[in-house]
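**Student:** Here is how the chains run, residue by residue.
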Amino acid sequence: MNQILYFWPFIKLGLTDVWRHKTRSFLTMLGVVFGVGSVIAMLAVGEGASQQALDSIKRLGSENIMVTSVKPSNEDGASTGAQRGRLAVYGLLYDDEVRIRETVPGVVVTVPARMTRRNARLNERQLEMRVVETVPEWFDVVQRPVLAGRVLTPNDMRMRSNVCILTEYGVRRLLAAEGIIGQHIRIASGVFEVAGIVKNETGGAVRAPDSEADAYIPLTTGTRLFGEANIRYSAGGMEGEKVELSEIIVKMDDTKAVETGSKAIESVLTRFHKKKDFRIDVPLTLLREAERTKRTYNIVLGAIAGISLLVGGIGIMNIMLASVTERTKEIGIRRAIGARRSRIVIQFLINTCVLSIGGGVVGLLLGIAIPFLITVFTDMPTVVQPYSLILAFGISVGIGIIFGLYPAMRAAALDPIEALRHE
Amino acid sequence: MIVQMTEKLCPPDDEVVRFDAVMRHYTVGNEIVRALDGISFSIRRGSYCAIMGPSGSGKSTMLNILGCLDRPSSGAYWLNGRNVAEMDDNALSDHRLRNLGFVFQSFHLIPQLTVSENIEVPMLYLGLPHVERRRKAEMLADRVGISHRLRHLPSELSGGQRQRVAVARALANDPAVLLADEPTGNLDSATSIQIMGLFQELYEQGKTVVLVTHEPDIAAYAKANIVLKDGRVLSITEKEGVM
Numbered sequence: 001m002n003q004i005l006y007f008w009p010f011i012k013l014g015l016t017d018v019w020r021h022k023t024r025s026f027l028t029m030l031g032v033v034f035g036v037g038s039v040i041a042m043l044a045v046g047e048g049a050s051q052q053a054l055d056s057i058k059r060l061g062s063e064n065i066m067v068t069s070v071k072p073s074n075e076d077g078a079s080t081g082a083q084r085g086r087l088a089v090y091g092l093l094y095d096d097e098v099r100i101r102e103t104v105p106g107v108v109v110t111v112p113a114r115m116t117r118r119n120a121r122l123n124e125r126q127l128e129m130r131v132v133e134t135v136p137e138w139f140d141v142v143q144r145p146v147l148a149g150r151v152l153t154p155n156d157m158r159m160r161s162n163v164c165i166l167t168e169y170g171v172r173r174l175l176a177a178e179g180i181i182g183q184h185i186r187i188a189s190g191v192f193e194v195a196g197i198v199k200n201e202t203g204g205a206v207r208a209p210d211s212e213a214d215a216y217i218p219l220t221t222g223t224r225l226f227g228e229a230n231i232r233y234s235a236g237g238m239e240g241e242k243v244e245l246s247e248i249i250v251k252m253d254d255t256k257a258v259e260t261g262s263k264a265i266e267s268v269l270t271r272f273h274k275k276k277d278f279r280i281d282v283p284l285t286l287l288r289e290a291e292r293t294k295r296t297y298n299i300v301l302g303a304i305a306g307i308s309l310l311v312g313g314i315g316i317m318n319i320m321l322a323s324v325t326e327r328t329k330e331i332g333i334r335r336a337i338g339a340r341r342s343r344i345v346i347q348f349l350i351n352t353c354v355l356s357i358g359g360g361v362v363g364l365l366l367g368i369a370i371p372f373l374i375t376v377f378t379d380m381p382t383v384v385q386p387y388s389l390i391l392a393f394g395i396s397v398g399i400g401i402i403f404g405l406y407p408a409m410r411a412a413a414l415d416p417i418e419a420l421r422h423e
Numbered sequence: 001m002i003v004q005m006t007e008k009l010c011p012p013d014d015e016v017v018r019f020d021a022v023m024r025h026y027t028v029g030n031e032i033v034r035a036l037d038g039i040s041f042s043i044r045r046g047s048y049c050a051i052m053g054p055s056g057s058g059k060s061t062m063l064n065i066l067g068c069l070d071r072p073s074s075g076a077y078w079l080n081g082r083n084v085a086e087m088d089d090n091a092l093s094d095h096r097l098r099n100l101g102f103v104f105q106s107f108h109l110i111p112q113l114t115v116s117e118n119i120e121v122p123m124l125y126l127g128l129p130h131v132e133r134r135r136k137a138e139m140l141a142d143r144v145g146i147s148h149r150l151r152h153l154p155s156e157l158s159g160g161q162r163q164r165v166a167v168a169r170a171l172a173n174d175p176a177v178l179l180a181d182e183p184t185g186n187l188d189s190a191t192s193i194q195i196m197g198l199f200q201e202l203y204e205q206g207k208t209v210v211l212v213t214h215e216p217d218i219a220a221y222a223k224a225n226i227v228l229k230d231g232r233v234l235s236i237t238e239k240e241g242v243m
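Protein sequences appear in the order of chains A and B.
For what it's worth, the numbering used here labels the leading residue of the first sequence as 1, then goes sequentially.
For what it's worth, the numbering used here labels the leading residue of the second sequence as 1, then goes sequentially.
For reference, chain B alone in the conformation it holds in the complex:
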């Protein structure tokens, strides 16, 4: 991994995610922790992919970089045709806003806001007018099957319903990648199946879905698995769609 990517060529248009020799090092005391140690892969647009690995494999770091919350120490990460490693904080924020939809393990809805307002948050930051936000929120709620709860607060919903709201919010700005971090971690198995069904639907509608999980059961829903170990890619297994 001495030779780094120096050419700033865009990856092919059908690659929505591309990691080129991505490293992420932390300094803890005098030691350097290599959370990611040279990772390269790419994900094609419209595919359904799971990133797996036991704890300590660099999965969380991977998620942070994939989610544009963190930048690689070296290497290049292209998301939707732009290199994230070169962005400043504002550009990174805007990139998240337009190109990423987050779904978290513990839903992360804003408790003071109603379902509708929660779904509207990303559109608000995008500067959409009020009427359009309302209309789109209703449409998205309908898409994830939560339209009867638009005026409710998150605390009045069940876990499965909350996760549906979170998915609707993630879809609000029509992102290039839907990034889900253990989306069923806080749900019972019946609800988990429903939520995974929702992701399947979205995949079938053409969305790019990336799951980060340690559960093989959940990863099995995806069409391709990337397995990490000790900050490196251990294996890439493919049913379809992953290069």
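The shape of chain A in the complex, shown without the other chains:
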């Protein structure tokens, strides 16, 4: 408290000095205002963008490994002709799921899924949906809020019952509301009772396991109605492909196990698959990549903002040097009265800090206002983080000290006799 009271006269002096040279102080502060404002605004925009990416990755689950069937590329051009009229068999097998579950250490659960696009029909309304034939554990791994009803149960699996869970979007497209629970919809050749509605995640940079219009049915029911594998013939009926499982989601017991797990899965699968007809996605790796990108982004933005702050600081230093010349006599008087050099340094540092902190506070407000306006007018998400405010304030104090030090030292180094004589 005593310290504050000691500094107060100098702070007051700094404030009156700023007030006396209003225009000059304002122009000097502008450099810091824009510097600090741009630091906060840029960090907020960057954070908003990266958080959007990170969110969509996190929705995939950071403990999950996603193994997807892909059609192998035909390297030899001749095979296309030779395979005409044949059935292309590729992709993940039921056995693969068992192998992964039993040989890869750290696996908590594996969720097999077979996805097909089929027509769904409610009364007069028709919609092409993605039918996901899967097991109840899907909903443990892909966690989505249940909006109405329930999700699939082991009982559904055992009974091979004709029930389906729809996504919110799909329900809306079928022009139905929550009242759809218990009603029946027709999917391809089967009639299903709607048991529940879940929310779905769409958009974002990374593909989520769920899509907009999904209908989840028990894998056993799917097998009963549509067969053990997904066989699809092209229009001419000459070509076709057979896929047992479209996807296996593997949940590991720990985030740390994900990377080793994905390598183990790859080696297990490679042993049984002649062609590379699967793809392994690790959301965690994507997360890491996104974080790296974010870091790079921050460094670039930081450098730009840093340069503008530097320019602002130099402006302040320039003015303070002018101020030292202007106040040479005052310095002489203070020294004659008995002020040590260090007191003169402190006085001028405080003066500079009043300028830079003043600019910093205005810049802070600007830095909060700009992201807000960006969000309002462009719909781009921005996140003003508390740390960036503290950072910006710290920077403005730092600028005051760094760029104020040289003029202050110059002031203190003046010879009191010479300074007193100065007119």
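The set of hints was computed from the structure by calculation and includes no laboratory data.
These numbers were taken from a predicted model, which means no experiment stands behind them.
Glycine included, C-beta positions come from ideal geometry on N, C-alpha and C.
Heads up, a few of these hints could be off.
Cut-off 27 Å, straight-line C-alpha distance, at most; resulting in silico cross-link-like pairs (DSS-like, lysine-lysine) [claimed, not checked]: (1) B:136 to A:12; (2) A:71 to A:263; (3) A:199 to A:251; (4) A:329 to B:136; (5) A:275 to A:242; (6) A:71 to A:251.
What follows is a list of derived Cβ distance ranges for each label pair [as the list claims (entries may be wrong)]: (7) B:206 to A:413: 34 to 42 Å; (8) B:190 to A:409: 55 to 63 Å; (9) A:379 to B:127: 53 to 61 Å; (10) A:398 to B:189: 42 to 50 Å; (11) B:129 to A:402: 25 to 33 Å; (12) A:342 to B:129: 30 to 38 Å; (13) B:189 to A:19: 35 to 43 Å; (14) B:29 to A:12: 42 to 50 Å; (15) B:205 to A:413: 32 to 40 Å; (16) B:138 to A:12: 12 to 20 Å; (17) A:418 to B:14: 34 to 42 Å.
A few chain A residues facing chain B, derived, Cβ under 7 Å [what the hints assert, rightly or not]: (18) 16; (19) 339; (20) 417.
Starting from the structure of chain A, add chain B where the hints point.
**Tutor:** Showing chain B alone in chain A's frame:
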């Protein structure tokens, strides 16, 4: 002046200022200017003394050394029992702060500060708390007859009033010596008489007052005169109090 003071004995307690063979030389080009060329005298505590001399007599150099703004090239200057010649910049600053009160010809008040704040500056550097500074500033302003102008800026005051503020500021830390450099140089004769009256009062209250002036009229107020010429003491005349 070959034999210099080597003994670091303190001067007697009643001597507040003591010059022992003080020399101050400047080098200008290849020439050595002997601004002070072996000066010895002492001033007793509570006396009123004027240092006189025409321009070029070494008066300004004398003032700078006396005011602890400069150090002797050789010799010893004791102010309030401590040898200034041996001090570094910080010690010199502190010595000025505690033991000297400056009154300048052109007042040298800080223009941005009010009268009260100007008087408080030395106390601020001494680290006195806010409330005590205020109280003491009011007391000092009352003592020099300026208490009705405490909230004013120096630019709003007349010359005489400004000099009163300067005296109040000089007294702020209760210094051993009040050092005045041509205190009436910028004042008209009527105001000069008032200010000299103020110094007389302070002398009567027991302050040690040292005037540096070239005007015999002003020097006549003092009880003793030291006259300089060419960097040496020409004469010391004494009504009372000067050794």
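**Student:** Can the restraint linking residue 199 of chain A and residue 251 of chain A be considered satisfied, given a maximum Cα separation of 27 Å?
**Tutor:** Satisfied, since the Cα-Cα distance of roughly 21 Å is no more than 27 Å.
**Student:** Is it true that residue 418 of chain A and residue 14 of chain B lie within 34 to 42 Å of each other by Cβ?
**Tutor:** holds, 35 Å
**Student:** For the hint 12 to 20 Å, verify it against the beta carbon of residue 138 of chain B and that of residue 12 of chain A.
**Tutor:** holds, 19 Å
**Student:** Within 53 to 61 Å or not, the Cβ separation of residue 379 of chain A and residue 127 of chain B?
**Tutor:** holds, 58 Å
**Student:** Grab the minimum C-beta distance from residue 339 of chain A to chain B and call the hint holds if it beats 7 Å, violated otherwise.
**Tutor:** With a minimum Cβ separation of about 5 Å from chain B (threshold 7 Å), the hint on residue 339 of chain A holds.
**Student:** Does the Cβ-Cβ separation between residue 342 of chain A and residue 129 of chain B fall within 30 to 38 Å?
**Tutor:** Violated: the Cβ-Cβ distance is about 20 Å, outside 30 to 38 Å.
**Student:** Does residue 16 of chain A meet its interface restraint, that is, does its C-beta lie within less than 7 Å of any C-beta in chain B?
**Tutor:** Since chain B brings a Cβ to about 6 Å from residue 16 of chain A, closer than 7 Å, the hint holds.
**Student:** That 32 to 40 Å hint for residue 205 of chain B and residue 413 of chain A (C-beta), does it hold up?
**Tutor:** holds, 39 Å
**Student:** Does residue 242 of chain A lie within 27 Å of residue 275 of chain A when you go C-alpha to C-alpha?
**Tutor:** With Cα atoms ~15 Å apart, residue 275 of chain A and residue 242 of chain A stay inside 27 Å; holds.
**Student:** Range first: 42 to 50 Å. Now tell me if the beta carbons of residue 398 of chain A and residue 189 of chain B are that far apart.
**Tutor:** About 56 Å separates the Cβ atoms of residue 398 of chain A and residue 189 of chain B, which means 42 to 50 Å is violated.
**Student:** Using the nearest Cβ pair, does residue 417 of chain A come within less than 7 Å of chain B?
**Tutor:** Result: holds, 5 Å to nearest chain B Cβ.
**Student:** For the pair supplied as a hint, residue 71 of chain A and residue 251 of chain A, confirm whether the alpha-carbon distance does not exceed 27 Å.
**Tutor:** Given that 27 Å is the threshold and the Cα spacing comes to 24 Å, the pair holds.
Going down the numbered hints, you'll see the structure goes against 8, 10, 12, while the others check out.
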